[in-house]
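*Asks:* Single-letter residue listing:
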Amino acid sequence: MGLRPLADLVTIGHRASNSIYVRGLGFHAIQRELIRLLSAGVSGARGSNGDSLAANGRRVQDMSVVARNNVRVRGTGEKAMVFAHGFGCDQNMWRFVEPAFAEDFKTVLFDHVGAGGSDLKAYDKSKYATLAGYADDVVEIGRELGMKDAVFVGHSVSSMIGALAVQKAPGMFGKLVMVGPSARYMDDDGYVGGFSEQQIEELLQFLDSNHMGWSAQMAPAIMGNPDRPELGEELTNSFCRTDPEIAKAFARVTFKSDNRADLAKVDIPTLILQCSEDIIAAKEVGEFVHRGIPGSEFIILEATGHCPNLSAPDEVIAAMKTFV
Amino acid sequence: MPQFERSRRSDRRHEDVRLSGAVDSPRIDDFEDMFDNAPCGYVTLLTNGRIARVNRTLLGWTGHTSDQMIGKPLSGFLNMAGRIYYETHIAPLLRMQGFFDGFAIDMVTASGEHLQMIASATDGRDAGGKTLFTRIALIKAVDRRLYERGLLEARDMAATGLARERENSELREQFIAVLGHDLRNPLASISAGARILGRDATTEKQHQILAMLETTVMRMAGLIDNVLDFARGRLGGGIVLARNANAPVEQMLHQVIDELRLSSPGRQIEAVYAIDAPVNCDRIRIGQLVSNLVGNALSHGATNEPVRVRAVTEDGLFKLSVANGGEPIPEAAMEKLFEPFFRGEVRASRQGLGLGLHIASQIAKAHEGSLNVTSTAEETRFTFVMPLR
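Quick note, the sequences are listed as chains D and L, same order. Residue 241 is where the first sequence starts when you use this note's numbering, and the numbers rise one by one after that. Residue 1200 is where the second sequence starts when you use this note's numbering, and the numbers rise one by one after that.
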């Protein structure tokens, strides 16, 4: 392209962008639609809920555990290995790690209610106000799939959800892998978690500024205009996208949780994978978990950040293979 | 090729721009300058999250020096919320899809202030898909973020207010439903009592009083039915129909009109029927509609003129009209006629709740029909039309 006046390249009211549609609808119409969608259960807007196809091809009923948690069973092994994602994204967090175990295990992936492809209608404020509510779901998944002596792999907050599930259902899990665990994120008397209460409040407010395109997704749903090509692009952020209210609630329960007293009750072999330079779960925090769980193994990975399952899958796989 | 020609020309123009510049002025083709002084901040991260390059614009905005930033983790220059968000959302999404466009992030300046930004990030990857580095472009968005914040607050406030209003109105409607229901029982007792007394009534005056009692009970029962239907409709139940195409409509109309005649002595109700096809309707509901329309005509129409009812089947439609003489309905009232609780000027003894026409229009709607009104100095006419089917 040679030199052309910039104005030539700018079209007025760029191809039916969301904002134009929304403006055309008018505020009250949008508000009405939102109320309709909300009262019908937010999930109506997401499309793929209700009954979904389980991995084994069996159509599962609405509100079954499998549909509720978008459970996917893969792998050819006998023993089950369950992968649980943390706050932020969904089961895709395990996409580079899970395949490495599919030959030796029956690998099980799922989304916590409120995340990914889970059934948002199943989101119950009071149930999910504590990590125990999430742990109950894990146990229900385990029962549904008849798990015994399985391996539970939890990332971030799901490490503690795993610790609770282990207590709730003795015999269901035989080994526990914690990736970047923290028994408590907030500082406390004589305990360094890394965050102050004010910082967590700041996070909750900040999450409002990053809606991950949630409302942009709602707008086309309202318009019932699925043949817009831009939508394909919007699906890309879907790994980490959810209802902002649920995201905030999950952030709150995650960062305000205190599971220090639960560590000693973990009575199965446990592997803790600690990242170098992880600001969410610092080394001291990981060491605290290690000291708290009797006989646990503690490995410091070279990987930095909070998501070694994505940034350094090979290191994570290698450490896990020697443990399981 | 014209395209080629144009590009050659533009190249020349390009050179002209460069040549015209003084020695120290920025040059249009100086990419180092473009990086450093771009109207947005640039930062390049290594896979360990540490800063490899940062442009002058971003240094200027944040007040940090390049020595302070290069080699340090980016998270050290974000506020805590931004750090958590980066680790839990941005970094994973970058690994999964290679880019993340248009996220909000707050940097902390050298003086400790928060700088609100909008950023987009792209991973640089090798042929095998391995991430080598991450490039992030940042734009100052203080005003925009403030505006967003304001919108969010307004939205939350609207949502809270709306929820409160809905709760209130639901409570009110539940109250109406319960009240309406509870009023039925004492009314049934009065009606039963009047009937028992009627057996022993001897004088003309006693019979008159008892007839008046029956009339009042019927009118009140009608009001209660309307109230209950209204409350049910608002509570989401809607008007439920029990349609039957085989049941005769005319007989039901006779009965309703006769009752109304009895309850309005001294008034004339003329009825014309030409029903020669089955009407697939809920007879009780259509009876209620007629009763409401005629009741309205009796209340508002001229007392010295008859109320004229006409019910016909023609052109695949069931048409029913109720007309009365008297003052026409004022223009302003026409619009609100079918709204609940709308009451026109009427003498106190005939004052209702203002639900009669509303319920009638709801019954019409439930039958996929319509209820319309015309009002002139000659007559006021309500016309109900529904498909026979």
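It should be emphasised that the hints constitute simulated quantities derived from the structure, not laboratory data. Hints are supplied without guarantee of correctness; some may be wrong.
Claimed, not checked - Using C-beta positions, here's what the derived DEER-type ranges look like: (1) D:PRO410 with L:ASN1384: 52 to 62 Å; (2) D:ARG314 with L:SER1319: 30 to 40 Å; (3) L:VAL1341 with D:PRO534: 43 to 53 Å; (4) D:ASP364 with L:ARG1509: 54 to 64 Å; (5) L:GLY1349 with D:ARG314: 13 to 23 Å; (6) D:GLY430 with L:GLY1259: 34 to 44 Å; (7) L:HIS1380 with D:ASP427: 53 to 63 Å; (8) L:SER1319 with D:ASP364: 51 to 61 Å; (9) L:GLY1349 with D:PRO410: 18 to 28 Å; (10) L:ARG1343 with D:ARG314: 29 to 39 Å.
Note that the coordinates shown come from a computational prediction; the quantities given were computed from them, not determined experimentally. A virtual CB, placed ideally from N, CA and C, is assigned to each residue, including glycine.
*Asks:* For each hint, tell me whether it holds in the structure or not.
*Replies:* Going down the list of hints, with the structure as the test:
1. PRO410 (chain D) and ASN1384 (chain L) have their C-beta atoms about 58 Å apart, which keeps the hinted 52 to 62 Å range intact.
2. The hinted range of 30 to 40 Å is satisfied by ARG314 (chain D) and SER1319 (chain L), whose Cβ atoms lie roughly 34 Å apart.
3. Between VAL1341 (chain L) and PRO534 (chain D) the CB atoms are about 51 Å apart, so this pair conforms to the stated range of 43 to 53 Å.
4. Between ASP364 (chain D) and ARG1509 (chain L) the beta carbon distance is about 57 Å. The supplied range of 54 to 64 Å therefore holds.
5. Checked against the hint of 13 to 23 Å, the pair GLY1349 (chain L) and ARG314 (chain D) fails, with Cβ atoms roughly 47 Å apart.
6. As the Cβ distance of GLY430 (chain D) to GLY1259 (chain L) is approximately 43 Å, the hint placing it in 34 to 44 Å holds.
7. Distance hint for HIS1380 (chain L) and ASP427 (chain D): a CB-CB separation of about 58 Å, consistent with the stated range 53 to 63 Å.
8. At roughly 36 Å, the beta carbons of SER1319 (chain L) and ASP364 (chain D) sit outside the given window of 51 to 61 Å.
9. One distance hint, 18 to 28 Å for the beta-carbon pair GLY1349 (chain L) and PRO410 (chain D), is violated here, with the actual separation near 52 Å.
10. Look at ARG1343 (chain L) against ARG314 (chain D): about 43 Å separates their beta carbons, and that is not inside 29 to 39 Å.
Taken one by one, the earlier hints fail for this structure at numbers 5, 8, 9 and 10, listed in ascending order.
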